Amino acid sequence: MFERIREIIAEQTGKDVEEITMETNVKTDLEADSLDLFQIINDIEDEFDVKIENVEGIETVGDVVKIVEEGKKD
Amino acid sequence: MRRRCVITGMGAVTPCGNDVDEFWNNIKNGVSGIDYITKFDTEGFKVKIGGEVKNFNPEQYISKKDVKRNDLYSIYAIAAAKQAYDMSGLKDEEIDHDRFGVIVGSGIGGLMTINEQIVKLVEKGPSKVSPLFIPMSISNMAAGNISIMFKAQGISENVVSACATGTSSIGEAYLKIVDGYQDIMIAGGSEASITPIGVAGFANLTALSTNPDPKKASRPFDKNRDGFVMGDGAGMLVLEELEHAIKRGAKIYAEIVGYGSSSDAYHITAPCPDGSGGAKAMRYAIEEAGIKPEDIDYINAHGTSTPANDGAETASIKLALGEHAKKVAISSSKSMTGHLLGAAGAIEAIVCVKAIEDDFAPPTINYETPDEECDLDYVPNVGRSMRIRYALSDNLGFGGHNAVLCFKKWEGR
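Residue numbers (the working numbering), protein chains in the order written: chain A, 1 to 74; chain B, 1 to 413.
Hints in this document: simulated from the structure, not taken from any laboratory.
Hints are not guaranteed to be accurate.
[As the list claims (entries may be wrong)] Below 27 Å or equal to it, Euclidean Cα-Cα: the simulated BS3-like pairs (lysine-lysine) are:
hint: 1; chain 1: B; residue 1: Lys28; chain 2: B; residue 2: Lys247
hint: 2; chain 1: B; residue 1: Lys65; chain 2: A; residue 2: Lys15
hint: 3; chain 1: B; residue 1: Lys68; chain 2: A; residue 2: Lys27
Being a predicted model, the structure only gives us computed values, none of them experimental.
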């Protein structure tokens with residue numbers, strides 16, 4: 001799952017996949033603004049067939065992975 | 001004394017080449033850039049051909065992230081503007097940014113983005129529509145992006161007159177310079193409307209050729225013409241006030257000496273068959289240049305390859321030029337590029353400048369069967385070396401818009 005999420009984030013932010021780890025901060029390290037985040041969440045929702053509600057709480061890539069994992073359990 | 005406006009830079013992204021040299025070389029040699037559409041699956045479409053831009057690398061001009069945030073029409077515009085700016089030799093630190101403007105139009109704007117996002121809305125619901133949908137699709141964003149890129153803080157506008165957009169934009173920018181509002185302008189047009197919704201719409205309007213042969217379908221002024229072929233791309237010029245250009249030692253490629261604009265005020269899509277509206281625009285441009293019809297050596301025609309346009313345009317040329325219509329060299333580069341709609345006038349302005357510079361009239365290819373309604377010299381199939389001092393570029397748009405520019409060889413002050 002991390003691999004796929006990393007690809008989606010890299011694609012949207014124009015960064016290399018290798019730059020992105022679980023600890024990477026989406027806003028500060030990847031310079032993603034609210035528009036990027038919207039697109040990333042959108043693509044992830046489609047990819048994993050989940051609904052992500054709490055976007056405000058997202059800081060790192062690890063947070064995104066956690067939210068998707070929780071969403072999958074429901 | 002009225003200020004003068006010269007061309008000091010040009011940029012092109014076209015079906016026939018992604019820079020001015022490659023583009024002009026192909027146009028000169030009658031090389032078609034039309035082929036089968038690859039941007040989407042044309043299964044079920046009446047029309048399967050178009051003039052797509054090929055081997056274009058957007059990251060040569062903007063970051064990977066910005067590629068995702070812009071529609072292709074805007075990216076083509078940025079690329080052509082960057083080429084034109086580099087060619088002009090302008091230096092950022094020497095520019096008065098308040099006197100530096102942009103007038104760049106697009107016939108439609110970000111049509112692929114509109115197409116994709118409406119599909120998203122219908123299939124997945126309103127919450128899935130991209131927040132970038134609006135900024136990516138609006139047709140002024142090419143102008144906006146170019147102003148941002150070069151910090152051009154003067155006039156920034158999007159002039160739209162359908163297929164006359166490129167010519168109207170350059171004409172309006174020329175006026176801003178001669179009337180004293182700006183010293184430098186980036187002007188042109190951009191289009192990327194080869195999309196499912198674009199092709200379906202134009203095809204059902206019966207505006208497009210249904211000839212399946214990509215190399216033969218666009219045949220302006222030929223008796224067997226049956227419609228135009230859509231094309232993508234952008235053309236940009238750097239226009240500069242003459243003294244401003246001379247002072248910084250810029251290379252001058254040609255001068256714009258006249259601009260004529262009129263409306264048929266007749267029909268939403270058909271040109272007035274007698275060609276009177278188009279003739280007025282040509283006459284205004286010639287008058288503004290202070291010359292006589294006999295001084296015109298070359299006309300880059302709108303020449304879309306539709307039955308209606310090419311007949312009415314021929315009538316316009318006869319009305320405007322009188323007896324001289326039979327002597328002037330006329331060609332349609334759309335026989336090779338297809339019809340770039342809002343970008344057409346911009347890339348064709350570049351053809352005029354290069355024709356003047358090289359003293360060479362490019363051909364109208366696929367001219368096989370003469371039409372009694374179109375009985376002028378269309379430089380059939382093979383280009384011609386000839387002295388070209390004055391050239392006209394003619395463009396006409398849905399809605400009855402007629403726009404004509406008059407270019408003059410730069411022969412020094």
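So, going through the hints one by one against the coordinates:
1. B:Lys28 <-> B:Lys247: Not satisfied, since the Cα-Cα distance of roughly 33 Å exceeds 27 Å.
2. B:Lys65 <-> A:Lys15: holds (8 Å)
3. B:Lys68 <-> A:Lys27: holds (18 Å)
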